[in-house]
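Each chain, written out:
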Amino acid sequence: MQTNKFFSALLFASYLLVWSTLASAGRPSATSANPQIRVSGNVQVSEGAQTSNAPERAAIEATISGYFTALNHGDVDAVLKLYTGDPVQLPFLLPSIVGTEAVRKNYENTFQQIRFQMHTTIQELVQMSPEWAYVRTDSAGMFTPVKTGKEAAATFHELFLLQKSSDGTWHIARYSFSPTAKLPDF
Amino acid sequence: MTISNTSESAEIEAIIFEYFQALNHGDVDAVLTLYTDDPVQLPFLLPSIVGTDAIRKNYENTFQQIRFRMRTTIKELVQMSPEWAYVRTDTAGMFTPVKTGEDAPATFHELFLLRKTADGKWRIARYSFSPAAALPKF
Chain U
386 MQTNKFFSAL
396 LFASYLLVWS
406 TLASAGRPSA
416 TSANPQIRVS
426 GNVQVSEGAQ
436 TSNAPERAAI
446 EATISGYFTA
456 LNHGDVDAVL
466 KLYTGDPVQL
476 PFLLPSIVGT
486 EAVRKNYENT
496 FQQIRFQMHT
506 TIQELVQMSP
516 EWAYVRTDSA
526 GMFTPVKTGK
536 EAAATFHELF
546 LLQKSSDGTW
556 HIARYSFSPT
566 AKLPDF
Chain C
1034 MTISNTSESA
1044 EIEAIIFEYF
1054 QALNHGDVDA
1064 VLTLYTDDPV
1074 QLPFLLPSIV
1084 GTDAIRKNYE
1094 NTFQQIRFRM
1104 RTTIKELVQM
1114 SPEWAYVRTD
1124 TAGMFTPVKT
1134 GEDAPATFHE
1144 LFLLRKTADG
1154 KWRIARYSFS
1164 PAAALPKF
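Protein chains in written order, with our numbering: chain U, 386 to 571; chain C, 1034 to 1171.
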């Protein structure tokens, strides 16, 4: 038992070492003027933006792509599935939203007020440890207040912190976003 | 406040409090020393700001327009790996547009990603923030 614990600790320490070495070797480039690679209908990735091994990168991209698809569909259940069990959202013009129930209510309110048709570019995707990654995105598209029905162009940027679950999928743990220019009234 | 998985919370906290002190003093040089050499900022109502020079210009513009007297609460401080941590904060205080000189209450929330740099110091690598309620015009 003692020996097992010791080896588990050693194994974990060597994981950390490998990850910190990889992270230092692959320091994220902050440049955003890279060519784009499409990963799904509404999400593309800046080439060279990723610091992660291929299978994890694909799993992380799938979560981000799933998020914006669910947002464009106004699908609260689909959005909620992509979050961890203890999410925090930092929306603009609202206090931070803590916990699954509060995050659900916020999406319900948002989708009652706004329809989105956004195209998203992953500017950076960095795996920071075996179980943590961040993704930085730019989103642009149409923003339609339900009240007026008038489409308007809108741009946002987003910073996601994702956590790997025991089943190997990545979930959104923290999410901060804001518009990059003034939005229409909604 | 939730502190997870770190023996370095004091060092990380110090960077965050120095950041808000520099913000309250409108001190661009002091702010810049707290960032890594490849920073990205996601401000409210502006496109993302990439790189040291662009970030310097953004603080120069901001401090020409606004004076801050903010108090900050660290809501979470989590070290995610030997060289990455995140800090989530809530900030409240007075926001004074230089043009009008009229103090107004303001609240913000912030998400910092910090990276431990080669000299062993923690620095701000990514920073996203927005007001938690409507701001006065500036």
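Just so you know, the hints here were simulated from the structure itself, not pulled from any lab data.
Here the structure is a predicted model, which means the values were calculated and not measured.
Glycine included, every Cβ here is placed at the ideal spot set by N, Cα and C.
Treat the hints loosely; a few may be bogus.
[Stated by the list, open to error] Quick list of simulated restraints, FRET-style, between CB atoms:
hint: 1; chain 1: U; residue 1: 515; chain 2: C; residue 2: 1170; range: 42 to 50 Å
hint: 2; chain 1: U; residue 1: 425; chain 2: C; residue 2: 1135; range: 46 to 54 Å
hint: 3; chain 1: C; residue 1: 1150; chain 2: U; residue 2: 567; range: 46 to 54 Å
hint: 4; chain 1: C; residue 1: 1125; chain 2: U; residue 2: 570; range: 23 to 31 Å
Status of each hint after checking the structure:
no. : hint                       : in the structure
1   : U/515 x C/1170: 42 to 50 Å : holds, 47 Å
2   : U/425 x C/1135: 46 to 54 Å : holds, 47 Å
3   : C/1150 x U/567: 46 to 54 Å : violated, 36 Å
4   : C/1125 x U/570: 23 to 31 Å : holds, 26 Å
Comparing the model with each earlier hint shows a violation of hint 3 alone; every other hint is respected.
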